[in-house]
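So the chains spell out like this:
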Amino acid sequence: MPGPSRDIPQSAYHAGDPTIRARGVSKRFGEFVAIEKLDLDVRAGECVGLLGPNGAGKSTFIGCLYGVVERSGGELKVFGHDPAIEPRRIKQRLGVVPQENALDEELTVLENMRIYARFEGLPKQAALSRIEELLIHMSLDHKRDATIRTLSGGMKRRLTFVRALLSDPELLILDEPTTGLDPTVRHLLWEKVLSFRQAGKTTLVTTHYMHEAELLCDRIVILNRGSVVGAGAPRELIAREAPGYVGIFAQDREKVLRTHMRAGWDLFYQGRQCCIRAPQIEDLMSLQRASGNQALQIRPCNLEDVYLKLTGRELDDNE
Amino acid sequence: MSEFYISLQLAWHVVVRNWMVYRKDFLANISPTLADPALMMTALGLGLSPFIGQIEGLSYAQYLAPGMVATTALFTAFFECSYGFYVRMTFESVFKAMLTTPIGVREVVIGEFLWVFIRAALMAAGVGLVLAVMGLLANIWSIFIFPFIGGLLAVPCGAIGLLAAAHVRNINQFQSVYSFLIAPIYFLSGVFFPLTDRPILGVLVHLSPFYHGVRLLQMTAWGRGSFGEAAFHVTAIFLFTVVLGLWAFKKIRQKLTI
Numbered sequence: 001m002p003g004p005s006r007d008i009p010q011s012a013y014h015a016g017d018p019t020i021r022a023r024g025v026s027k028r029f030g031e032f033v034a035i036e037k038l039d040l041d042v043r044a045g046e047c048v049g050l051l052g053p054n055g056a057g058k059s060t061f062i063g064c065l066y067g068v069v070e071r072s073g074g075e076l077k078v079f080g081h082d083p084a085i086e087p088r089r090i091k092q093r094l095g096v097v098p099q100e101n102a103l104d105e106e107l108t109v110l111e112n113m114r115i116y117a118r119f120e121g122l123p124k125q126a127a128l129s130r131i132e133e134l135l136i137h138m139s140l141d142h143k144r145d146a147t148i149r150t151l152s153g154g155m156k157r158r159l160t161f162v163r164a165l166l167s168d169p170e171l172l173i174l175d176e177p178t179t180g181l182d183p184t185v186r187h188l189l190w191e192k193v194l195s196f197r198q199a200g201k202t203t204l205v206t207t208h209y210m211h212e213a214e215l216l217c218d219r220i221v222i223l224n225r226g227s228v229v230g231a232g233a234p235r236e237l238i239a240r241e242a243p244g245y246v247g248i249f250a251q252d253r254e255k256v257l258r259t260h261m262r263a264g265w266d267l268f269y270q271g272r273q274c275c276i277r278a279p280q281i282e283d284l285m286s287l288q289r290a291s292g293n294q295a296l297q298i299r300p301c302n303l304e305d306v307y308l309k310l311t312g313r314e315l316d317d318n319e
Numbered sequence: 001m002s003e004f005y006i007s008l009q010l011a012w013h014v015v016v017r018n019w020m021v022y023r024k025d026f027l028a029n030i031s032p033t034l035a036d037p038a039l040m041m042t043a044l045g046l047g048l049s050p051f052i053g054q055i056e057g058l059s060y061a062q063y064l065a066p067g068m069v070a071t072t073a074l075f076t077a078f079f080e081c082s083y084g085f086y087v088r089m090t091f092e093s094v095f096k097a098m099l100t101t102p103i104g105v106r107e108v109v110i111g112e113f114l115w116v117f118i119r120a121a122l123m124a125a126g127v128g129l130v131l132a133v134m135g136l137l138a139n140i141w142s143i144f145i146f147p148f149i150g151g152l153l154a155v156p157c158g159a160i161g162l163l164a165a166a167h168v169r170n171i172n173q174f175q176s177v178y179s180f181l182i183a184p185i186y187f188l189s190g191v192f193f194p195l196t197d198r199p200i201l202g203v204l205v206h207l208s209p210f211y212h213g214v215r216l217l218q219m220t221a222w223g224r225g226s227f228g229e230a231a232f233h234v235t236a237i238f239l240f241t242v243v244l245g246l247w248a249f250k251k252i253r254q255k256l257t258i
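The listed protein sequences correspond, in order, to chains A and B. Following our numbering, the numbering of the first sequence begins with 1 at its first residue and continues without gaps. Following our numbering, the numbering of the second sequence begins with 1 at its first residue and continues without gaps.
Treat the hints as calculated values from the structure; they're not laboratory data. The beta-carbon is built from N, C-alpha and C at its ideal position, and this holds for glycine as well. Incorrect hints may appear among the rest.
Unchecked claim - Sample of chain B residues facing chain A (criterion: CB under 7 Å; computed from the structure): (1) R23; (2) N29; (3) I30; (4) P32; (5) T100; (6) P102; (7) I103; (8) R106; (9) I258.
To be verified - The calculated PhoX-like cross-link candidates involving lysine-lysine, where the alpha carbons are at most 25 Å apart (straight line), are: (10) A/K143 <-> B/K96; (11) A/K156 <-> B/K251; (12) A/K124 <-> A/K143; (13) B/K250 <-> A/K156; (14) A/K124 <-> A/K156; (15) A/K255 <-> A/K37; (16) A/K192 <-> A/K255; (17) A/K143 <-> A/K192; (18) A/K156 <-> A/K192; (19) B/K250 <-> A/K124; (20) A/K192 <-> B/K96; (21) B/K96 <-> B/K251; (22) B/K24 <-> B/K96; (23) B/K251 <-> A/K143; (24) A/K156 <-> A/K143; (25) B/K24 <-> B/K251; (26) B/K255 <-> B/K96.
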């Protein structure tokens with residue numbers, strides 16, 4: 001298996017260069033292809049969302065960025081450094097919220113953070129004031145001396161954010177940051193991520209929540225089976241891949257609805273419901289009248305429709 | 001700052017992390033490594049000694065004493081690096097977070113070795129002190145040398161633990177590693193009986209680092225032995241450290257990175 005080339009000259013990293021630059025990045029596990037020739041740029045200050053089904057290669061790609069996954073081929077630069085060669089130069093400027101919190105359960109909040117401040121090389125006094133500042137920022141300062149074991153899931157997740165922010169990183173990687181959290185915590189974390197973006201931090205976030213991606217990200221990249229199947233700003237992606245409106249009907253109406261469909265419309269199923277996508281809301285209104293079927297719901301197309309279409313979960317009638 | 005210095009400093013942070021977690025359950029963590037040698041000394045040393053004649057001019061308790069220091073080093077290092085490391089890696093996902101910081105796999109492994117060196121050295125000092133109080137050390141100065149030998153012995157024993165942690169498919173499989181590798185090494189390496197009249201076993205024991213540590217500790221405690229023999233065993237421990245240490249590093253890197 002050819003490894004990443006080790007003799008690529010270290011090109012200088014200029015302001016304005018993408019923070020992450022991936023060209024033809026691949027990762028194979030034996031026969032299995034986890035990532036296939038992935039091209040991706042993340043510019044400084046940008047928030048990019050990586051979407052895709054479980055096993056699409058999102059976490060594998062993230063691992064490539066700081067050297068815990070050795071890519072099988074392609075060129076990859078983070079801050080101008082190759083993570084296969086100089087992972088530490090990258091990790092010094094990086095904060096990661098991994099899928100698992102991986103906090104030391106028997107230690108207190110403060111002890112956990114002090115250990116990680118040491119790992120990041122912060123001097124003791126600076127570390128203490130930085131930890132305090134971030135605990136207040138994440139509304140965890142009252143839990144300073146609590147053991148991790150006693151914290152709720154939402155508190156642990158917020159603390160994992162604190163840990164990722166200790167070294168004031170330029171690049172934040174959030175791997176499913178809000179999975180399994182209640183809406184209150186989720187909203188709090190969204191607000192924080194938006195404030196990072198405002199402060200000029202570069203963010204790469206993976207998620208299964210389309211609403212989250214739409215809310216947080218300047219740009220979305222949809223992966224399927226290790227390849228990019230769609231990319232762009234959320235609105236732009238919707239306008240390109242699934243423009244218009246969706247009417248949701250009961251499942252047994254397919255036959256009658258089909259007779260009234262026009263060219264350029266889609267019929268697909270979401271769960272057990274029969275969905276019709278049409279360019280204009282009026283198209284769906286006239287469909288209701290002509291077919292004599294009232295839609296259960298009519299809504300504008302959203303990122304989830306794009307996602308389902310591009311990852312091949314949609315039964316596309318026009319194919 | 002040189003790369004080597006930064007690496008060592010990061011490895012030291014791993015030691016500090018382990019210490020902070022360890023001290024939370026200090027009594028539970030320290031009990032087996034202290035209680036086992038103490039019980040062994042009482043049951044076999046004091047209990048059996050009167051029924052056994054002299055061995056190489058020593059009472060059985062005196063014969064047994066240095067082996068207890070070796071035992072504490074072996075068990076401290078093996079259990080920390082096998083069960084302990086496996087739990088950190090698998091159940092606590094410690095390294096998934098740690099490896100996102102400037103710490104790399106190299107620092108994780110060096111940190112583990114430093115950690116067991118220090119722990120085994122302290123335990124060796126503790127056991128040595130108890131043996132001295134019991135009057136079982138012919139050479140009283142040996143208590144100052146025990147920590148060094150104990151620490152040195154712990155590193156290759158820890159490497160065996162890391163190799164086990166890299167190879168087992170679940171935590172129960174450590175039982176087999178203990179029964180078929182660690183226990184035989186422990187019982188048959190000259191701690192409990194001399195190997196002078198056992199030609200085959202006497203050669204086989206050279207294949208584990210433990211025997212060399214046992215011999216060094218016996219020479220120190222009994223105050224006898226030649227410089228040549230000491231140099232031989234020290235060299236052997238260094239070789240085991242290098243070979244097993246690099247092998248363990250390679251295997252752990254495969255476990256922690258993909």
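Okay, the hints, checked on the actual structure:
no.	hint	result
1	R23	violated (10 Å)
2	N29	violated (11 Å)
3	I30	violated (16 Å)
4	P32	violated (19 Å)
5	T100	holds (4 Å)
6	P102	holds (5 Å)
7	I103	holds (6 Å)
8	R106	violated (10 Å)
9	I258	holds (5 Å)
10	A/K143 <-> B/K96	holds (24 Å)
11	A/K156 <-> B/K251	violated (31 Å)
12	A/K124 <-> A/K143	holds (20 Å)
13	B/K250 <-> A/K156	violated (33 Å)
14	A/K124 <-> A/K156	holds (23 Å)
15	A/K255 <-> A/K37	violated (42 Å)
16	A/K192 <-> A/K255	violated (48 Å)
17	A/K143 <-> A/K192	holds (19 Å)
18	A/K156 <-> A/K192	holds (15 Å)
19	B/K250 <-> A/K124	violated (33 Å)
20	A/K192 <-> B/K96	holds (23 Å)
21	B/K96 <-> B/K251	holds (17 Å)
22	B/K24 <-> B/K96	holds (22 Å)
23	B/K251 <-> A/K143	violated (39 Å)
24	A/K156 <-> A/K143	holds (11 Å)
25	B/K24 <-> B/K251	violated (30 Å)
26	B/K255 <-> B/K96	holds (11 Å)
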